[in-house]
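Dock chains F and S with the ligands against the given chain L, drawing on the hints supplied.
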Amino acid sequence: MGMAKTISLADGEKGDRIRISKLHIEGVMRRRLLDLGFVPGRIVEVLRKSPLGDPIAFRVSQTCIALRKEESGQIEGELVDS
Amino acid sequence: MALQGEQASQRLEDLFKEAGHLSTPGLRDHVVEQLYKKSSELTAAGVTYTKSGHDEHSEKLDRIFTSPVFGFPIMLALLGAVFYLTIAGANVPSAMLADFFSWLEGYIAVGFEKAGSPDWLYGVLVLGFYRGTSWVVSVMLPPMAIFFPVFALLENYGYLPRVAFNMDRLFKVVGAHGKQSLTMAMGFGCNAAAIMSTRIIESPRERMLAILTNNFVPCNGRWGTLIVLASLFMAGSLAGGTQLLAATGVIVGLVLFGIFVTFFVSWLLSKTLLKGVPTHYTLELPPYRKPKVFDVVIRSSINQTLAVLSRAVKIAAPAGVLTWILANVTVGDTSILLHIVQFLDPMGQMLGLDGYILMAFLLGLPANEVVLPILLMGYLSTGAMVDVDGIGGLKQILLDHGWTWVTALNMMLFSLLHYPCGTTMVNIYQETKSVKWTFLSFLIPTVIAIFVTFIVAKAAVFFQLI
Amino acid sequence: MIEQHTIALAGNPNTGKSTLFNLLTGLKQHTGNWAGKTVDMKAGYFSHKDRKYEIVDLPGTYSLYSNSADEELARNYIIFEKPEITIVVLDATSLERNMNLALQVLEMTGRVIVVMNLMDEADKRGILINEKILMRRLGVPVIKISSRNRTGVDMLLDTIDRMITGEISTEPVTVVYDEETEKKIILLEEKAENIFQGRLPARWVALRLLDGDQRLIEEIEKRFAGRLEDGFAGRASVSTIGRSV
Ligand SMILES: Nc1nc2c(ncn2[C@@H]2O[C@H](COP(=O)(O)OP(=O)(O)O)[C@@H](O)[C@H]2O)c(=O)[nH]1
Ligand SMILES: [Mg+2]
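Residue numbers (the working numbering), protein chains in the order written: chain L, 1 to 82; chain F, 1 to 466; chain S, 1 to 245.
Please note that the accuracy of each hint is not assured.
[Unchecked claim] With a straight-line cut-off of 30 Å between C-alpha atoms, the simulated DSS-like cross-links for lysine-lysine are:
id	chain 1	residue 1	chain 2	residue 2
1	F	LYS51	L	LYS14
2	F	LYS60	S	LYS124
3	F	LYS433	S	LYS222
4	S	LYS183	F	LYS37
5	F	LYS433	F	LYS314
6	F	LYS37	L	LYS5
7	F	LYS433	F	LYS275
8	L	LYS22	F	LYS38
9	S	LYS191	F	LYS17
10	S	LYS183	F	LYS292
11	L	LYS14	F	LYS60
12	F	LYS271	F	LYS38
13	S	LYS124	F	LYS290
14	S	LYS191	F	LYS436
15	S	LYS124	F	LYS38
16	F	LYS395	F	LYS292
17	L	LYS49	F	LYS458
18	F	LYS290	F	LYS51
19	S	LYS132	F	LYS37
20	F	LYS17	S	LYS183
21	S	LYS52	F	LYS17
22	F	LYS51	S	LYS132
23	S	LYS124	F	LYS37
24	S	LYS124	L	LYS14
25	L	LYS22	L	LYS69
26	F	LYS433	F	LYS271
27	F	LYS290	F	LYS275
28	L	LYS49	F	LYS395
29	S	LYS191	F	LYS51
30	L	LYS14	L	LYS49
[What the hints assert, rightly or not] Not the full set, but computed from the structure, chain F residues with beta-carbon under 8 Å of chain L:
id	residue
31	SER67
32	GLU155
33	ARG169
34	GLU202
Keep in mind the hints are simulated off the structure, nothing from the lab. For each residue, glycine too, the CB sits at the ideal point set by N, CA and C.
Next up, chain L with everything else stripped away, as it sits in the complex (with noise of 0.2 Å):
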């Protein structure tokens, strides 16, 4: 147990599961997270990579959402044991 690890989204491993804290970005590019529900408290969890390793697939909200490291990376949250 103890302090449950912070990572972003970028850094997840496939399978990881991981509960949003903090969105670092600002802008029309948040509210678009916000809708699709990247949004603070919920868990998102890491599906799988592109063939070139970018972008890297999440699912959301009973969904699949893929994001760049740009954008994943500025998206900070904490792994859940599954």
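Just chains F and S with the ligands now, with coordinates in the frame of chain L:
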């Protein structure tokens, strides 16, 4: 009354101002959080999951379609398969339609003769209008009636977003958006429609890139030209089955070259006129869903095919008439058409083409579909769109006018790379509301088309390939 | 002339809006002119029980907060064109995110039917949906359908009909925000109501303004600029909002 109006607009201003004061940056977060909380509450109350609820089927398929090993080969194979189906499937119906139209023309000709119509009327209506229209229908209808449904099936199945997922990294390198691959896919059908579809790209800079480069994907209006020339000159000597494969190979090669140019131009623009870092990327990978095959096929053949075809015919008909008139009205002792051809010829020769070809591209500005028929009308300088005796007769006409495989290749390249059609440019203006960008969307491809064909022509001569 | 009723289809992308649209209209549809603004909005026609309907397939969006051209188009249609019924099509297999959009639409208009599409998929995946509970909580009709298998469509048509006749009235749920936001909303809502007099949903306008929705301000100014002269109260309102009360 007017006073009341003033008051109302004043109150409106006040309302906006007050809202501005009350508004705080964190508000959106709260609102969305609250909405999601409510959604969660509702689903928790009304929905029960008896299994994992996940879409195992889609996840399995994604392991294949977006696999580091198979992802790209599968994309390439599907691209080839779609084109092969289109080319192979269109052959026979195209010939049948052409036969039908020329059979019908026989009766129409008799009718005109019986009615005692003057030659010029017969020329304008039958040799211009009728042949122009029937050519476009017989060359364009079959490939479209195959391509659109096949494409719609892939789209409905949910495969296209995976292409965007696989390709995104490449687009990012050149400063563009991964969803551009979706708008490019639309472009195979119709560039004008694809321009509208760039709306799915949220950020203005990347959207502009997608708009400016969409033209490097050959649209259905250019398929006819590409397929005919590829089969005639690039695979002409091969036997039936292999010929189709070779023609398909050439087309796939051209498409890949177009994609390469897209990347290059995107990169160049990202470094110059459209500087900036790639932004705003979100892409949903929806579940794979078996499409309602029959419905999709019927609907896309009927709706899309007829829409594009009717546009083509609307332009082909007047273009046919215009070309006939240009070819039959003489100034001095040559026709206007020949004057134009002679004027354009030096430039055409420089590009490994000729004056007729350039004229055809110029008159074909409203719609790419009519380029090849206009060219043939020009060659047969009676000004009648040809009623060629099968595809072999067509090749003879071209050979008679000094064509080599380089001429064919350059015409294909020019068709692939040159300025967008009139409708597309109208749409570009509508979407960008900018004369400058619309003009650039004309200029950039044209410069590239001229440059590439020039290099190919010179290289062919230099290496003594012809 | 026979009256024609208007219906809009809203929803996330890929929820089967177009499939439902095609199912209802058959081939009686047209895509807006390619060169025009309406390219993404297909309109179609159908009749049911002697009533004629025009139905519009709005672009699929994740929200209606005007982050993009499509969202703005869908938003403007619902707010300013005021379809008599807005059908929100939800993907039954990912209700959470989909519900989010439904709640946003409910803030804009009460004349809503929520359609849970893809029920065949949901069944396959063992997702059980109790629409009665959802209906009670949302305050609008909730109907399960599969536009692929054509199940539930009769029920939908029937509900549309009864909503037009007024047999069904709706009481859309209100999402309550945090205290501070609510205070601000109430402050602005009253003023907005005074100005728009039922032509726009005041609470929604207040919320959007608080969110700093510049595009909405521009749109309101554009749409109401000429009309201000005869005063908002003067004109016969075409508003359908509130009609269901
Ligand atoms: N299994 C199933 N598939 C459906 C249903 N409705 C739509 N689809 C499929 O879902 C995909 C997206 O549908 P579409 O109508 O294009 O969604 P839109 O983006 O909301 O317009 C298509 O492949 C449809 O065939 C349904 O009720 N059940
Ligand atoms: Mg749709």
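Each hint, compared with the structure:
A C-alpha spacing of about 22 Å is found between LYS51/F and LYS14/L, which places the hinted pair at or below 30 Å, so the restraint holds. For a cut-off of 30 Å, the pair hint linking LYS60/F to LYS124/S stands: about 16 Å separates their Cα positions. Pair hint LYS433/F plus LYS222/S holds up; C-alpha atoms about 18 Å apart against a cutoff of 30 Å. About 20 Å separates the Cα atoms of LYS183/S and LYS37/F, which keeps this hinted pair within 30 Å; it holds.
Between LYS433/F and LYS314/F the alpha-carbon distance is near 26 Å, which keeps this suggested pair within the 30 Å criterion. Between the alpha carbons of LYS37/F and LYS5/L the distance comes to roughly 25 Å, so the proposed pair stays at or under 30 Å and holds. Distance check on the hinted pair: LYS433/F and LYS275/F sit about 20 Å apart at the alpha-carbon level, within 30 Å; holds. Pair hint LYS22/L plus LYS38/F holds up; C-alpha atoms about 20 Å apart against a cutoff of 30 Å.
The straight-line distance between the Cα atoms of LYS191/S and LYS17/F is roughly 12 Å, inside the 30 Å bound, and the hint therefore holds. Taken as a hint, the LYS183/S and LYS292/F pair is broken in the structure, with Cα atoms around 50 Å apart against an allowance of 30 Å. Under the criterion of a C-alpha separation no larger than 30 Å, the hint pairing LYS14/L with LYS60/F is consistent with the structure, at around 14 Å. As the CA atoms of LYS271/F and LYS38/F are separated by approximately 45 Å, the hinted pair breaks the 30 Å bound.
Between LYS124/S and LYS290/F the alpha-carbon distance is near 14 Å, which keeps this suggested pair within the 30 Å criterion. Note on LYS191/S and LYS436/F: the hinted pairing is violated, with a Cα-Cα distance of about 43 Å set against a maximum of 30 Å. With a CA separation close to 26 Å, the supplied pair LYS124/S and LYS38/F stays within the 30 Å bound. At most 30 Å may separate the alpha-carbon atoms for a hinted pair to count; LYS395/F and LYS292/F exceed this at roughly 41 Å.
Annotation: proposed proximity of LYS49/L to LYS458/F is violated, straight-line Cα distance about 45 Å (limit 30 Å). At roughly 21 Å between alpha-carbon atoms, LYS290/F and LYS51/F fall within 30 Å of each other, so this suggested pair holds. Annotation: proposed proximity of LYS132/S to LYS37/F holds, straight-line Cα distance about 20 Å (limit 30 Å). Proposed proximity of LYS17/F and LYS183/S is supported: the alpha carbons are some 17 Å apart, at most 30 Å.
Straight-line distance between C-alpha atoms of LYS52/S and LYS17/F comes to about 43 Å, which puts the hinted pair past the 30 Å bound. Annotation: proposed proximity of LYS51/F to LYS132/S holds, straight-line Cα distance about 22 Å (limit 30 Å). Under the criterion of a C-alpha separation no larger than 30 Å, the hint pairing LYS124/S with LYS37/F is consistent with the structure, at around 27 Å. Note on LYS124/S and LYS14/L: the hinted pairing holds, with a Cα-Cα distance of about 26 Å set against a maximum of 30 Å.
The straight-line distance between the Cα atoms of LYS22/L and LYS69/L is roughly 16 Å, inside the 30 Å bound, and the hint therefore holds. Distance restraint check for LYS433/F and LYS271/F: the Cα-Cα separation of roughly 23 Å lies within the 30 Å cut-off, and the hinted pair is therefore satisfied. Taking the CA atoms of LYS290/F and LYS275/F, the gap is near 41 Å; set against the 30 Å cutoff, the hint is violated. Proposed proximity of LYS49/L and LYS395/F is contradicted: the alpha carbons are some 50 Å apart, above 30 Å.
The straight-line distance between the Cα atoms of LYS191/S and LYS51/F is roughly 50 Å, outside the 30 Å bound, and the hint therefore fails. Between the alpha carbons of LYS14/L and LYS49/L the distance comes to roughly 8 Å, so the proposed pair stays at or under 30 Å and holds. Here the hint on SER67/F is kept, as its CB sits about 7 Å from the closest CB of chain L, short of 8 Å. Proximity of GLU155/F to chain L is violated relative to the hint, the smallest CB-CB distance being about 17 Å (cut-off 8 Å).
Because the closest C-beta pair between ARG169/F and chain L is about 4 Å apart, less than 8 Å, the hint holds. Residue-level restraint check for GLU202/F holds (minimum Cβ-Cβ distance to chain L is 7 Å; threshold 8 Å).
Of the numbered hints given earlier, the model fails hints 10, 12, 14, 16, 17, 21, 27, 28, 29, 32; all others are met.
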